[in-house]
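Asks: With chain C's structure known, arrange chain U with the ligands on it following the hints.
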Amino acid sequence: MANAIEITNYSWAYAHGNGKALKAVNLSVEQGECVGVIGPNGAGKTTLAYSIDGLVPGQYHGIKEGTVQIQGREVEDYPKGMLQREVGLVFSDPEAQFTAMTVEDELVFGLENLGLDIPEIRERLDWVAELTGLGPLLQKPPYEISGGQKQRVALAAVLAMRPRVLVLDEPTSMLDPLSRKRVFEVLGQLRKVQNTTLILIEHGLEHVVPLADRMVLLAEGEIALDAPTPSFFEKLDLLHHHGLHVPGAVEVVSRLKNSGRYFGELPRGVEDARLVIQEIIDASSTKQGAV
Amino acid sequence: MSQYIEVEQLGFRYQDGTEALVEVNLAIGDNEFIALIGQNGSGKTTLAKCLNGLLKPSSGRVLVDGLDSRSTSIVQMVKRVGYVFQNPDHQLFNGNCWDEIAYGPRNIQLPEPDVKERVAEAAGVVGLPERLFQEHPFFLSKGMRQRVAIAAILALRPKVIIVDEPTTGQDARQSIEIMDFLVELHEKHEHTVIIVTHDMDIVARHGTRRPWDFAARTLSGRFA
Ligand SMILES: Nc1ncnc2c1ncn2[C@@H]1O[C@H](COP(=O)(O)OP(=O)(O)OP(=O)(O)O)[C@@H](O)[C@H]1O
Ligand SMILES: Nc1ncnc2c1ncn2[C@@H]1O[C@H](COP(=O)(O)OP(=O)(O)OP(=O)(O)O)[C@@H](O)[C@H]1O
Ligand SMILES: [Mg+2]
Ligand SMILES: [Mg+2]
Chain C
1 MANAIEITNY SWAYAHGNGK ALKAVNLSVE QGECVGVIGP NGAGKTTLAY
51 SIDGLVPGQY HGIKEGTVQI QGREVEDYPK GMLQREVGLV FSDPEAQFTA
101 MTVEDELVFG LENLGLDIPE IRERLDWVAE LTGLGPLLQK PPYEISGGQK
151 QRVALAAVLA MRPRVLVLDE PTSMLDPLSR KRVFEVLGQL RKVQNTTLIL
201 IEHGLEHVVP LADRMVLLAE GEIALDAPTP SFFEKLDLLH HHGLHVPGAV
251 EVVSRLKNSG RYFGELPRGV EDARLVIQEI IDASSTKQGA V
Chain U
1 MSQYIEVEQL GFRYQDGTEA LVEVNLAIGD NEFIALIGQN GSGKTTLAKC
51 LNGLLKPSSG RVLVDGLDSR STSIVQMVKR VGYVFQNPDH QLFNGNCWDE
101 IAYGPRNIQL PEPDVKERVA EAAGVVGLPE RLFQEHPFFL SKGMRQRVAI
151 AAILALRPKV IIVDEPTTGQ DARQSIEIMD FLVELHEKHE HTVIIVTHDM
201 DIVARHGTRR PWDFAARTLS GRFA
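Protein chains in written order, with this note's numbering: chain C, 1 to 291; chain U, 1 to 224.
Just chain C, same shape as in the assembly (with noise of 0.2 Å):
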């Protein structure tokens, strides 16, 4: 079977851009599979989302090289509409992806859209609405609430659509740290119950540790580093020189990996690197006690 997304030395110059916003880039990622995107403002995280769910080359001018291709087919054959089934999209602006009057309502489009009937889309409006906490807010336009709220709206919209392909551009930026935490366990649930491809876009990347798989570092427009989320971090000055503030108990394991002094994987939370350094006192004291 096709892979999820298989991107092929594929470049992306938009038409009145300064030169490629994407630089021969290849990703192959299986249904299934989370992605973290990280790198710095400019890299080309949103364009990479942009060309999987075909905004970029459907909806911008510009010159494209090689090909995208999702569940083995190239997204400009899909005919129209049909990609969006099977990719879903949050944008990183919320009310960019808005088109309707009232939260319910944008909530419901694209699920009429799918054809679905009435009973099934009443439950996933329920499931999403629970899982978002916008229950209270349905009847108000999408435009008169909170920044956080509006950002809810756009990503219960991606949710209830249930995509095998997620695609998700900084989907918690304006969330408070409760929600962020509840949608992060979300997105987790998602994976296991209906195996959905993610592919996670995100600044802060304490968030998207624990959750992904692999990391991808995006630098002017290259993968400047793809690797199995434990060994991503083994690269400490890599992603320094790009600028990334990386998670302060993650890097103190990896320096101490780095120096011989641990050999296991790295964590990927707080929690577990307290765990891993308070192993690492207790070899060594145990081991100066012997001396």
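It should be emphasised that the hints constitute simulated quantities derived from the structure, not laboratory data. Quantities reported herein were computed from a predicted structural model and do not represent experimental measurements. Honestly, I wouldn't trust all of these hints.
BS3-like mimics (lysine-lysine), calculated; alpha carbons at most 27 Å apart, straight line [unchecked claim]:
#: 1; chain 1: U; residue 1: 56; chain 2: C; residue 2: 140
#: 2; chain 1: U; residue 1: 159; chain 2: C; residue 2: 20
#: 3; chain 1: U; residue 1: 79; chain 2: U; residue 2: 49
#: 4; chain 1: U; residue 1: 142; chain 2: C; residue 2: 64
#: 5; chain 1: U; residue 1: 49; chain 2: C; residue 2: 140
#: 6; chain 1: C; residue 1: 181; chain 2: U; residue 2: 142
Replies: Here is chain U with the ligands on its own, set in the frame of chain C:
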């Protein structure tokens, strides 16, 4: 002694009946650096807009520099309290950076030589290089766009500047630069700076006043 901003029993209700603020009391002094935190929908943006007169209280009052926001023109308000939007892209609408920054001063009908001086000053403070003056904001990096948005507000020389989620969507390097810059505004230029943020690292590092938990107080219907 009275403080620069005094908020007394402030209530704000949107047209559809949403009670966004309930009995908020708060005083903000001359040279503070404050982080406003709270859950989504707790009323942070609404409060910020009340402080600079974009929104007028439904009940209670907001006094800025002794002026009641309800009876003071928006021009007088924005000269004292500047507000940078949660998404600066929604604030930027001029064709180039220079016009963007000049918009406020022109709008308060300053003579053109003064406008020029204000633009140069504000661009200098945010570190916008001259070669970008004629660029369309859309073609700048996200960090630079945030700076242009801040410069546009600074050009009115407000005492207080409120930046709604200054680091959202910014990479680690830009976030640090923007925060350093806001600290400089506070320390060197003696502005009172109020940031709205969900980033607790920033709160821990920069809030000089114990950040108050907005949500908890709104929920109880009462601010201390
Ligand atoms: N519509 C457009 N026209 C011309 N150039 C563009 C357009 N959109 C983006 N670019 C340019 O393409 C490059 C990649 O931009 P992109 O938005 O993909 O970066 P990003 O990694 O998502 O950045 P950020 O972290 O700021 O969201 C940048 O140099 C940007 O200026
Ligand atoms: N234009 C509007 N019309 C009606 N209700 C609104 C409007 N804007 C905001 N609200 C509501 O007012 C309340 C406070 O919103 P506000 O934008 O002040 O929250 P916030 O604390 O800034 O949230 P966030 O962290 O998500 O930005 C919310 O319940 C929101 O839905
Ligand atoms: Mg982007
Ligand atoms: Mg807000």
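Asks: Give a verdict on every hint.
Replies: Outcome of the hint check:
As the CA atoms of residue 56(U) and residue 140(C) are separated by approximately 22 Å, the hinted pair is consistent with the 27 Å bound. The straight-line distance between the Cα atoms of residue 159(U) and residue 20(C) is roughly 43 Å, outside the 27 Å bound, and the hint therefore fails. Restraint check for residue 79(U) and residue 49(U): the C-alpha separation of about 14 Å stays at or below 27 Å, so the hint holds. Taking the CA atoms of residue 142(U) and residue 64(C), the gap is about 24 Å. The hint holds against a cut of 27 Å.
Note on residue 49(U) and residue 140(C): the hinted pairing holds, with a Cα-Cα distance of about 20 Å set against a maximum of 27 Å. Of the supplied pair hints, the one linking residue 181(C) and residue 142(U) holds, its CA atoms being roughly 25 Å apart against a limit of 27 Å.
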